[in-house]
Amino acid sequence: MQKNTNIRLEQLLHGGDYNPEQWLDSPEILEKDLEFFLKANINVITVGMFSWSVLEPEDGKYQIDWLIEIVNKMYQNGIYTILGTPSGARPQWLAKSYPEVLRVNANRERQLFGARHNHCYTSLAYRKKVRDINMLLAKELGNHPGIILLHLSNEYGGDCHCPLCQAKFREWLKERYKTIEELNRRWNTTFWSHIYQDFEQVESPSPKGEMLLHALNLDWRRFVTAQTVDFAEWEKQAIRDGGCEKPITTNFMGDYDGLNYRKFKEVLDIASWDSYPEWHRKPEIQTARETAMQHDFMRSLLKKPFLLMESSPSSTNWQDVSKLRKPGILRAASLQAIAHGSDSALYFQMRQSKGASEKLHGAVIDHYGGEDTRVYQEVCQVGKALAELTELRGTKQNSKIALLYDTENRWALMDAQGPRNCGMPYKETADKMYAALRRQGVNVDVIDMEDVLKDYQIILIPMLYMFRAGIEKKIRAFVENGGTVIMTFWSGVVDDADSCFLGETPSKLTDVLGLRRTEIDGLYDEEENTAIPKKNNSLSLNKKYTCRNLCELVKVSDAEVLMTYEKDFYKGLPVLTCNQYGKGRIYYVCADMEEAFYTDLIEAVFEKEKIEKPFSFIPEGVEVTTRQSKEDSYLIVQNFNREAVALDFPKSNYEVIYGTQSEKLDSFSTVVLKKVK
Amino acid sequence: MQKNTNIRLEQLLHGGDYNPEQWLDSPEILEKDLEFFLKANINVITVGMFSWSVLEPEDGKYQIDWLIEIVNKMYQNGIYTILGTPSGARPQWLAKSYPEVLRVNANRERQLFGARHNHCYTSLAYRKKVRDINMLLAKELGNHPGIILLHLSNEYGGDCHCPLCQAKFREWLKERYKTIEELNRRWNTTFWSHIYQDFEQVESPSPKGEMLLHALNLDWRRFVTAQTVDFAEWEKQAIRDGGCEKPITTNFMGDYDGLNYRKFKEVLDIASWDSYPEWHRKPEIQTARETAMQHDFMRSLLKKPFLLMESSPSSTNWQDVSKLRKPGILRAASLQAIAHGSDSALYFQMRQSKGASEKLHGAVIDHYGGEDTRVYQEVCQVGKALAELTELRGTKQNSKIALLYDTENRWALMDAQGPRNCGMPYKETADKMYAALRRQGVNVDVIDMEDVLKDYQIILIPMLYMFRAGIEKKIRAFVENGGTVIMTFWSGVVDDADSCFLGETPSKLTDVLGLRRTEIDGLYDEEENTAIPKKNNSLSLNKKYTCRNLCELVKVSDAEVLMTYEKDFYKGLPVLTCNQYGKGRIYYVCADMEEAFYTDLIEAVFEKEKIEKPFSFIPEGVEVTTRQSKEDSYLIVQNFNREAVALDFPKSNYEVIYGTQSEKLDSFSTVVLKKVK
Amino acid sequence: MQKNTNIRLEQLLHGGDYNPEQWLDSPEILEKDLEFFLKANINVITVGMFSWSVLEPEDGKYQIDWLIEIVNKMYQNGIYTILGTPSGARPQWLAKSYPEVLRVNANRERQLFGARHNHCYTSLAYRKKVRDINMLLAKELGNHPGIILLHLSNEYGGDCHCPLCQAKFREWLKERYKTIEELNRRWNTTFWSHIYQDFEQVESPSPKGEMLLHALNLDWRRFVTAQTVDFAEWEKQAIRDGGCEKPITTNFMGDYDGLNYRKFKEVLDIASWDSYPEWHRKPEIQTARETAMQHDFMRSLLKKPFLLMESSPSSTNWQDVSKLRKPGILRAASLQAIAHGSDSALYFQMRQSKGASEKLHGAVIDHYGGEDTRVYQEVCQVGKALAELTELRGTKQNSKIALLYDTENRWALMDAQGPRNCGMPYKETADKMYAALRRQGVNVDVIDMEDVLKDYQIILIPMLYMFRAGIEKKIRAFVENGGTVIMTFWSGVVDDADSCFLGETPSKLTDVLGLRRTEIDGLYDEEENTAIPKKNNSLSLNKKYTCRNLCELVKVSDAEVLMTYEKDFYKGLPVLTCNQYGKGRIYYVCADMEEAFYTDLIEAVFEKEKIEKPFSFIPEGVEVTTRQSKEDSYLIVQNFNREAVALDFPKSNYEVIYGTQSEKLDSFSTVVLKKVK
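Protein sequence lines, in the order shown, are assigned to chains A, B and C.
Residue numbering for the first sequence follows our numbering, starting at 18 and increasing by one per position.
Residue numbering for the second sequence follows our numbering, starting at 18 and increasing by one per position.
Residue numbering for the third sequence follows our numbering, starting at 18 and increasing by one per position.
For the record, the hints were derived by calculation from the structure and aren't laboratory data.
Backbone N, C-alpha and C define an ideal beta-carbon position, used for all residues, glycine too.
Don't take each hint at face value.
Cut-off 20 Å, straight-line C-alpha distance, at most; resulting in silico cross-link-like pairs (EDC-like, lysine to aspartate or glutamate) [stated by the list, open to error]:
hint, chain 1, residue 1, chain 2, residue 2
1, A, LYS225, B, GLU126
2, C, LYS299, A, GLU544
3, C, LYS600, C, GLU489
4, C, LYS572, B, ASP389
5, C, LYS572, B, GLU388
6, C, LYS299, A, ASP337
7, A, LYS588, C, ASP389
8, B, LYS225, C, GLU489
9, B, LYS343, C, GLU543
10, C, LYS490, C, ASP528
11, B, LYS113, C, GLU220
12, C, LYS299, A, GLU545
13, A, LYS343, B, GLU543
14, A, LYS299, B, ASP585
15, C, LYS584, B, GLU660
16, B, LYS113, C, GLU198
17, A, LYS627, A, ASP472
18, A, LYS78, B, ASP215
19, B, LYS444, A, ASP337
20, C, LYS343, A, GLU583
21, A, LYS145, A, GLU117
22, B, LYS156, B, GLU283
23, C, LYS225, B, ASP215
In silico contact screen, one side only, chain A against chain C (beta carbon under 7 Å); selected entries [said to hold, decoys possible]:
hint, residue
24, ILE81
25, TYR213
26, GLN218
27, GLU220
28, GLY226
29, GLU227
30, LEU229
31, GLY435
32, ASN438
33, CYS517
34, GLY539
35, GLU583
Next up, chain A with everything else stripped away, as it sits in the complex (with noise of 0.2 Å):
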């Protein structure tokens, strides 16, 4: 059987999480689901997640008829049905009888059942039990014509500290360092007299034993994604020995930290995630760019389009405020998902929870129960939007930027107990640079250190405060050959199990970067500095910027400088310089500066380095990009605006396909274009 990994369906998926389990003892609801299913072009479904209880209510006694008529019943009517595993909630008896399955936290303490998301990934029963339903789900509905996707669990996430997991993770440290001494050494044990002698010593990280350890904190995040994935393995293994051959997904979440989703390469044949923005919390075009790194990030996962497995279509229940979207804005949102890449638009849920913790949760269908809502009505927008833009389906992103953005440095980061405890600005200076990229109108790849440089012409590198996977040659050798780099601050200070590099530093890079690292300055939450343009710089950078949080002191060999700091004891030391090296240029940027820093500093090396871009001008809150098939290209521009802004579009060469084209783009509203050929 030859393995398909992408889904077989012309399609752009509309549709989501559906739980007719819970309504098993109401025919005339799931009756009523169909109909407004239908009529809001509904094509595919998402069942199984949490309905563990439901297919097997006693232990090895399967109860799954349901599930088969509900699969038949939607394929019948044209409804697609992507079918998850459940193992991200375990009935009570799993629990009860297989103890070792419940999850002991860092303070060593055994949980009781209760919530989901909390099994210990090591527990042989668990695993057992997982492969098991697994199995029989894959016999029984695998090859089902209407089955499209296999989805494993839901949000994987959390770690254990079990005994199970304890000598696990043993071994994993001994595959890794071979012999205790070379861990002694890489771990620089020596310090607070903390020399193992046995790998038997080694105790997850525990706020009741060692935190401080950071060498053991990075193996032990390290050890809970592999560990993780070894976990996902197994369930995908489970469906394969069931006789499935269907593509494989899992859903991610936004900015989830916990675990290096890099490491499920391997494992999935579909990236897809969750995606819950806090709208009209910020300026919405704010909250437009954040989401849209994400979509970026999950695009680049595989180098192919990805899913938006989850959205609300209308608020959350679970963040602080329940903020109603204004109208417009589902379209909007589900669009840019497609903008960025994805062919689909799914939600979490299609029909509300009658009771407990997401009962408030917005779905397509509510408590009331009527068409006549206006979530409703925007979800048959959505619907017959995602009809119209069949063709986008598929199409792929090229991009010839990237972003690196690490999960490996930003734990190693944010654990490293200096130069500013009380924060990082990580994740923020990512997010400036991403922004700033993003004015310009380009598709822009998020990649961590393992990926292929050599294909971009420029990469923007923030706070590379680890280096490995020997990323300092794969830089060199980018510049070298003509590439352009923009890195900043606190960049290649330590090695990959957290120790500091010794002599010059950012290490390895000094010559090609033409300065090396002296000091690095915390600023208070209420301090700030200013970077001054030199005169002539071969930007022709001319205006002042704030700098806050981090200045880095560095002395210069063959850099250029083009910016300054205006006072402390280090005025008129650099704040960002640019050296030649090889073909290329590599930019540095020594201080946390403010966003208008960076759109500047961007807008001038795209020009420098002549990259195209769709539109001249794109005005504030606009957002383009555009997706690729062999044959067309097409342009895609949104306005996150409250208000229409005036858009000059390309007068000739491109069609409407989506949207209406006029002098001006409606606040909230899309419009797709595509190359005349």
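Place chains B and C on chain A using the hints.
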């Protein structure tokens, strides 16, 4: 023996908590205390509450003579005694000999000995020891002519998660739901695969287990109340079995939501509570109103005079800031209790402890120990006032207005997850409504969903999220028969298992209201909207008011729209409606309005419904109430402003029985008038 | 062998913590270190502190040659060694083999291996292992001519609640109170029925048990100090039993209230501490004064020169913000220690660790490893300065002024519950008084209630809530004999078991003060009052000052009233009084006053009492101290302003021995003058 549910004492009680066991080795102190009491018109003391380790220094070895001696001595001096049972704090030996009496917290940790109010209510060992000592006290002192009231324990509260309580909880659930299937159905356990197969699988809520199953949380709180009531009943039975038939009370806490105090109705002969307002933190009138609402709640419990059981004669020691009360506040606060139906003004405490956690709590007699203290002098003034007002004792407080403020609704509402997790304004809305009512100078009952509605003219119903106890039927009948209701947003959402009603909401009242809810918008803290009046609305409202936090969107079928939103996408939708139903009218407030809105609305409704008021105009900051006996009617007027205010006292028909009636009412002063027959 | 309690080295010490065991596999690094040391005038290193797992890699298997080699090599190069005992961090094997050495926290949870400073002080197993290694170190190195000082453990602190400690605590209590009846009496356990029948029932304070019995809390803190002192004594005895009679110290922490450092007097030959001020967070002079108070406290412990044992040569890594020190601050801070009686300026650390929690902490030699760092250059400047100031070594610091700041009082005061639980300004009041004193340029001793008072002229006593150790008698005698006291509000409230005094307070001093306390008012954070001067008051005070937080009300019998409250119901009551008693005077400050009040009060009192000052006028921001030997007298002047200030140096009688005396004193610069004989 005939049970007397009232205190046989024709005085307003003055006195309070007294711990002579702390001074048994200083007879001169006890002698001095008596002198102080007599000079201050103290006529009652409360003893025994924390005396267990003196009363029973060793398991089964009692030592009660000292207590009898105190009671005798007081009685001989005309001072009566309230006899407390000592269950609020157990002796050390009891915890050592019977470890099961120590509570287990939600994290399943057995507590050590310490503090107080922390015994397991289920433990038979504890119950047995409590029964023994209560019976002994009843036998030895219960029929002493000096004893006028039995006082159970102290400030019942908290919960215990020990195995004994878990077992009892399961029994309680079985009693409630009969079958596990029914529990699953009502709790909606299919969500997140939580189906129970057996009552044995149920565990109380725990941060290390389940916290998100709302129906479980709600039933746990109900069970805790039930078990506490059962414990109180057990204590009472021991007293009765000891041969004492005197009235029984227990001291409640202000605005405490750990227990549903309504469920104690059957146990108590007299309601009483401990009032500790933070005077001078807010404007005094605001503190006075918040306190008044608690008084009214306590009075409404048994619909008869209650007791102010504790209050501080000066500052407390456990609030953030131990603020001194300004001169006159002690008397004003004491008489405010009387004004709202109390037959007492009692203090914690008569004499300050020398050491331990409350050593710095205010007392009638302080460590200094002289009579020349400001506090003692003010206590004497209160004593004098109470003596002058003796005839108020036992008089009732008739009210045609009720505020429905329901503890179970509060539990469900605060636990609901959505639409605002950072603050649901239930208490705040009730407070604003109550303040608006108090500005009219009318008496107010504070009732819950189990109360009878039909005797009122107007009922105010803030945020009645949960409908239970047939409240929707009672409201319908009340309006139909000519009553007036003011109901707010977020009413009628869930049933008594916290499960959402399907169909139109407020459930089963949409025809009465002439509208249905469509959506509810959560506002961020910094956001607001405005309600603007419709021209020629039937209440002639003509001002604008601010709304915050929550804005409900409704679809009107029949109701009159009186005010609308000024902005956002729901601009023009109703904020205030009124519907005529049967002979009555029901108003619906869609948003969380500022206090001025309720003040103006209620003034307008009072005018429309021709509600009688004692004064045509009451200056801001002045409190007015009435008390009535079969023969007489009293008008109590208090000025809570820091300045004197002008007030038009009735020119005839009334005589002054306390205070001075002049053109101005002094700051913090009280005048009591009696209707001339 | 005669014990020498002073270091036999005629230099001011310069150097610090050094961990060569982290670099044993890099001899080139160790070689380089020595070069660095010599160039920077480093004359001492501290070793051994966290070396246990290298010194004893397996239970009973020692490996000490590397350490001897380091000491030898240093000695051969003129560098001396402070030898630390390694008890601050145990090896992994020790925790595994003897689990009783792991602390149990207040929640009764045994900790896992990890971090440091976390051994049970009671465990005999731990004591035995510590004794063995200390004896070995003493034997092998104790008489090495390069070893000048023994350094016990590192920053003793924390507590352990294990069964061994509980048993020891009970023994300690039995020793203190003899009978359980006496304990009950002193602790006032009748309150809340807490009477103990037996010492066996006593448990240490716990959040899951008792936290509110103040006398228990207080005695637990005393016990923890006693047990820690006992442990230090045990460590010392092992050194002595190992044949080493050299002086002994341990490094204290700044403003640490976990231990009563005064109780270590008998154990230590030399006091030392670790100074980590947050430079540049507040105005530098404020940081300097707060640091100076710690220096003075350490000097006052043994009334002789102390050591600055640790300080960061640049930023720390564990404060919120790792702020760089501005140029000059390192030298100013180092010389400030000297100015206040230190005979050293030592650093943590000589070379930065590569990994683990303190890898980013500042060091003399950083990861870069070159000499051309700003930090190293400034360290060299310090080395040079210390060499020039060699003659200051061993000189004393005479003081006629004392500030009484008592740790046990602090414990009781902060634990008291009332009158302000959201902040009692003990430290703040002491800081304000100290700053006022420093503005006068006089030396100040920081003493406690156990100290002798009679040698001082003026004693400042902030908030002496607890009276113990006969302090009321000592104060009476001191004033009677002509001394001047400035005492504040909230003094003389409780005895040494935290039990309130009955009768007039401040207890047994009301006749000396000429007043008694009546009440104390807590102010909310946003409230304030004002003190206004009485006309013709004896100090000629003529300004208004703000009071906050606490306003005490007193009734004057004999005292002169100098200032009164401006508002509230206690308007006109005294804020400042003065009473002549015997030959002396005692001032009483009734409210928490702003710093300017203390500055003006102390200036006026100094004038009245004719206190000698080194300068008639000291500009704000300039620090002045004096040191004296039998023959010579030195005047040290430091400018902590960011700008140069004009200063009138003495025109004659003094010669400059360090720095430059000109009309202006440069920012962060120091001048040392020597009296010409």
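Taking the hints in turn, this is what the structure says about them:
no.: 1; hint: A:LYS225 x B:GLU126; verdict: holds (17 Å)
no.: 2; hint: C:LYS299 x A:GLU544; verdict: holds (12 Å)
no.: 3; hint: C:LYS600 x C:GLU489; verdict: holds (17 Å)
no.: 4; hint: C:LYS572 x B:ASP389; verdict: holds (11 Å)
no.: 5; hint: C:LYS572 x B:GLU388; verdict: holds (14 Å)
no.: 6; hint: C:LYS299 x A:ASP337; verdict: violated (35 Å)
no.: 7; hint: A:LYS588 x C:ASP389; verdict: holds (19 Å)
no.: 8; hint: B:LYS225 x C:GLU489; verdict: violated (53 Å)
no.: 9; hint: B:LYS343 x C:GLU543; verdict: holds (18 Å)
no.: 10; hint: C:LYS490 x C:ASP528; verdict: holds (12 Å)
no.: 11; hint: B:LYS113 x C:GLU220; verdict: holds (12 Å)
no.: 12; hint: C:LYS299 x A:GLU545; verdict: holds (15 Å)
no.: 13; hint: A:LYS343 x B:GLU543; verdict: holds (18 Å)
no.: 14; hint: A:LYS299 x B:ASP585; verdict: holds (16 Å)
no.: 15; hint: C:LYS584 x B:GLU660; verdict: holds (15 Å)
no.: 16; hint: B:LYS113 x C:GLU198; verdict: holds (19 Å)
no.: 17; hint: A:LYS627 x A:ASP472; verdict: holds (16 Å)
no.: 18; hint: A:LYS78 x B:ASP215; verdict: holds (16 Å)
no.: 19; hint: B:LYS444 x A:ASP337; verdict: holds (19 Å)
no.: 20; hint: C:LYS343 x A:GLU583; verdict: holds (16 Å)
no.: 21; hint: A:LYS145 x A:GLU117; verdict: holds (12 Å)
no.: 22; hint: B:LYS156 x B:GLU283; verdict: violated (23 Å)
no.: 23; hint: C:LYS225 x B:ASP215; verdict: violated (32 Å)
no.: 24; hint: ILE81; verdict: violated (45 Å)
no.: 25; hint: TYR213; verdict: holds (6 Å)
no.: 26; hint: GLN218; verdict: holds (5 Å)
no.: 27; hint: GLU220; verdict: holds (6 Å)
no.: 28; hint: GLY226; verdict: holds (3 Å)
no.: 29; hint: GLU227; verdict: holds (3 Å)
no.: 30; hint: LEU229; verdict: holds (4 Å)
no.: 31; hint: GLY435; verdict: holds (3 Å)
no.: 32; hint: ASN438; verdict: holds (5 Å)
no.: 33; hint: CYS517; verdict: holds (5 Å)
no.: 34; hint: GLY539; verdict: holds (4 Å)
no.: 35; hint: GLU583; verdict: violated (16 Å)
Violated hints, in rising order: 6, 8, 22, 23, 24, 35; the structure is consistent with all others.
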